[in-house]
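Go ahead and model the full structure; you've got the sequences and the hints to work with.
Residue numbers (this note's numbering), protein chains in the order written: chain F, 263 to 633; chain Z, 263 to 633.
The set of hints was computed from the structure by calculation and includes no laboratory data. Incorrect hints may appear among the rest.
Note that identical chains are pooled: a pair holds if it fits in a single copy or bridges any two copies.
As the list claims (entries may be wrong) - Capping the alpha-carbon separation at 20 Å, the derived lysine to aspartate or glutamate pairs in DMTMM-like fashion look like this: (1) Lys-420 / Glu-467; (2) Lys-335 / Asp-557; (3) Lys-571 / Asp-312; (4) Lys-571 / Glu-309.
Keep in mind it's a predicted model, so treat the numbers as computed, not measured.
Number of protein chains: 2
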Amino acid sequence: MLFELLHQDKNSKARLGKLSLAHGQIDTPCFMPVGTQGTVKTISQKELSDCGAQIILSNAYHLFLRPGKEIIKKAGGLHDFISWEKPILTDSGGYQIFSLALFRKVSDKGVEFQSHLDGTKHLLTPEAVVSLQQDLGADIIMTLDECLHYPCGMDQAKAAMERTLDWAARSKKSFVASDNQALFGILQGATYEHLRKECAKRLAEIDFPGYAIGGVSVGEPKDLMYNIIRLCAALLPLNKPRYLMGVGLVQDILEGIECGIDMFDCVVPTRYGRNGTAFTSEGKLVIKNSPFIEDFSPLDKNCNCYTCKNYSRAYLRHLFNANEYLAPRLISLHNIYFFLELMRNAREAIAQDRFLEFKKEFLTAYNNNSA
Amino acid sequence: MLFELLHQDKNSKARLGKLSLAHGQIDTPCFMPVGTQGTVKTISQKELSDCGAQIILSNAYHLFLRPGKEIIKKAGGLHDFISWEKPILTDSGGYQIFSLALFRKVSDKGVEFQSHLDGTKHLLTPEAVVSLQQDLGADIIMTLDECLHYPCGMDQAKAAMERTLDWAARSKKSFVASDNQALFGILQGATYEHLRKECAKRLAEIDFPGYAIGGVSVGEPKDLMYNIIRLCAALLPLNKPRYLMGVGLVQDILEGIECGIDMFDCVVPTRYGRNGTAFTSEGKLVIKNSPFIEDFSPLDKNCNCYTCKNYSRAYLRHLFNANEYLAPRLISLHNIYFFLELMRNAREAIAQDRFLEFKKEFLTAYNNNSA
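Right, dumping it as C-alpha cells:
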C-alpha cells in the first residue's frame with residue numbers, strides 16, 4: 263500500500279491524496295459505499311463502478327457468519343466471490359459484535375458471542391479476525407477493537423482503550439506480511455481527550471500503515487463528535503491515511519474532510535434510499551411526500567446519475583407508494599452517486615485551496631431546503 | 263400499425279413477423295415483459311433495453327387506480343412517465359377486475375368494482391377503458407372483456423362471450439382513430455370449441471388490427487389449454503398479429519409459437535425470479551437449494567446476461583439467503599433475458615424452417631434437468 267499526499271488545502275486541514283492498493287487506486291478524501299454482506303444494498307457492482315466508486319467496505323463479522331470463510335476462500339476470495347475488481351476494505355466486526363450479537367463476553371483473549379442470525383456461539387480473537395480478513399483477501403483490513411456507546415464512564419473507556427491497544431499489538435504481530443493487504447489500527451478512547459491522545463500515541467508506536475478513528479457516531483451530540491474528530495485527526499501521523507469509521511451524514515463528512523480525514527464509510531446512502539429519502543444539493547427529499555405527486559423534475563436537477571437522467575420525482579413517488587423494488591433501488595443509486603460526487607467536488611475544491619468556500623456554499627444550498 | 267408476415271415455418275404453424283408501432287418495431291414471435299404498475303419488477307428500463315426487450319406490457323387497471331390517469335397524462339403519457347421509449351401494450355384490466363377487485367358487478371353497461379387497494383368504488387365501461395388507454399398513450403390497447411376462471415358452465419361462458427363481443431364492438435366504436443395506437447380485440451369462449459369458433463368469426467367481423475386469445479391459463483389442464491390455443495390460433499385471420507394473453511411457462515410459449523402465436527406476455531420471469539427460481543437451458547433452478555452452496559458456475563453456462571457473465575450460483579444463493587435486494591434483481595434480470603433469448607432463438611429457427619427440431623432439442627435439454 264502506498265499513500266501519497268498530493269496537496270494540503272491552504273485554509274484548512276483538508277488534504278488531497280492518492281491511496282494505491284492491490285486492486286486499484288483511490289483518490290482521497292473518499293467515500294466507501296457499504297456492502298455489509300458482500301453487496302451494497304439494491305445496487306449492482308456495475309452500477310457502483312459506473313457511479314465512480316473506487317473502493318467498497320464489507321464486514322468480516324457478517325461474512326464470517328454467512329456464507330462463511332470457507333466458501334469465500336473457495337471462490338478465490340471476496341473480490342471473486344462478489345465480482346468486484348476494485349479495492350475492498352473489511353471492517354473487523356468489532357462494532358457489529360458489540361451492537362448486533364445476542365450475547366457477548368469480552369475477555370483479554372477475545373470476544374465470545376452468539377450469532378444474531380441463529381444463536382450459534384463463536385469466539386473471535388484479534389488473531390482470528392486478522393486471519394479471517396487475510397483469507398477474505400480485502401485490500402485493507404481492520405484490527406478487532408472494543409467500541410463503546412455514548413455515554414460511557416472514564417474507567418470503562420480506559421479499559422476498552424487498553425484492550426483495543428493490546429489487541430492492536432497482537433493483530434499486528436499475527437498479520438502475515440503481504441504486498442496486497444494493509445492492516446489499519448483503530449483509535450478508541452470515547453469522548454475523553456486524554457484517552458484519545460494516549461491511544462493515538464501508543465497506536466503510532468505499534469506503527470500501522472493507516473489509522474481509523476473508531477468510537478464516534480455512537481450516540482454522542484454532534485458538537486462533541488466534531489470536537490473528537492478534530493482532536494483525533496490532529497493526533498494521527500500526517501503521512502498516513504486517516505479513516506473515520508461509520509460517519510456519516512453530509513455535514514459530518516464535510517466537517518471530517520476539513521479536519522483532515524481521508525476516508526469515510528456509511529450506510530446512510532442506501533439506508534435512506536431504501537426508506538425513500540434522497541440526498542440532493544438542496545437537502546433531503548422524502549419521496550412519498552405529496553408535493554411530489556405531480557413533480558416531473560428529477561430528484562436533483564444538478565445530478566448526472568442514471569436515476570436523475572431518466573426518472574422523475576412523480577414516477578419515483580409512484581414506485582415507492584406501489585411498494586415496487588425499483589424505488590429503493592433508484593433512490594439508493596442516486597444517493598450513492600450523490601455521496602461520491604460530493605467527494606469529487608470536495609477533492610476539486612481542495613486542489614484549488616477553496617475547500618472552506620466549497621463547504622460553506624454546499625451547506626448553504628443544502629440547508630436552505632424547502633422541499 | 264403495420265404487421266408483416268416475413269416467413270412461415272414449413273413444418274409447423276410457427277411464423278416470423280415484424281410489427282411496426284409508433285414507438286418502434288417488434289420482431290415476432292415476441293415476449294413482452296410485464297410491468298403491471300409501470301415497472302417490470304426489480305428491473306430498470308435500461309436493463310430491459312439491454313436485454314433486448316422491444317415492447318413491455320403494462321396494466322390500465324392498476325395505473326387507473328394508482329397513480330391515476332391525470333398524473334400520467336400530465337407527465338406526457340405513460341412512455342414519458344416511466345421513461346420507456348419503446349412500444350407499450352396496455353392490458354384493459356378486465357382480467358384484474360375479475361381476479362383482484364374486492365367486489366364486482368358486471369352489467370351490460372360495464373363493471374362496477376371496489377379497488378383492491380383502498381376499497382373505493384369505480385365503474386369502468388368499455389368506452390372508458392379505451393379512453394383511459396388512449397390517454398395513457400400505449401401503442402397497443404386492449405378491449406375490456408369478461409374473463410372467466412376454469413371450469414365454467416357453457417351458459418355462463420356464452421353469456422361472457424356475448425358481453426365480450428358487445429363490449430368489443432362498443433370499444434371499436436369509441437376508439438379515436440390514431441396512427442399511433444392500435445386496438446386489439448379479445449377472443450373468449452372458455453373451453454367450448456363452438457363458442458371459440460363463433461367468437462372468432464364475430465370478432466373478425468368487427469375487424470381489429472390484431473387479436474388476443476383470452477381466457478386461457480385460468481386453471482384448466484395443460485392439454486386442454488394447448489387444444490384451445492391451437493384451435494383459436496387457427497381461427498384467427500392469417501395476416502393479423504395473434505397475442506396469447508398471460509402465457510406462460512417455457513413449454514407453453516413453445517407450444518404457442520408452434521400454433522402460430524405472435525405475441526406473449528407473462529409475469530413468470532420476474533415472479534419466479536423474486537422467489538429465487540431461475541430458468542436455465544437445463545431447466546428450473548431453485549437458488550436456495552444446498553447443491554449451490556459452493557457452486558461457482560453461473561446460473562446458466564449458455565447465457566450472456568449480466569447476471570451470468572458476472573455472478574456465481576454460490577453468490578446468488580448467499581444474497582438470497584441473506585435477504586438481499588440484489589438476489590431477486592439479478593435472478594429476475596437473468597429470467598427476462600432467458601425468455602427474450604428463447605424468442606430470439608425461436609425466430610432464428612423459424613427462419614430456417616427448423617422450429618420443430620429447435621423446440622424438441624430445447625425441451626429435451628430443459629426437461630432433463632437434474633439440478
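Unmet hints by their number, sorted upward, for this structure: none
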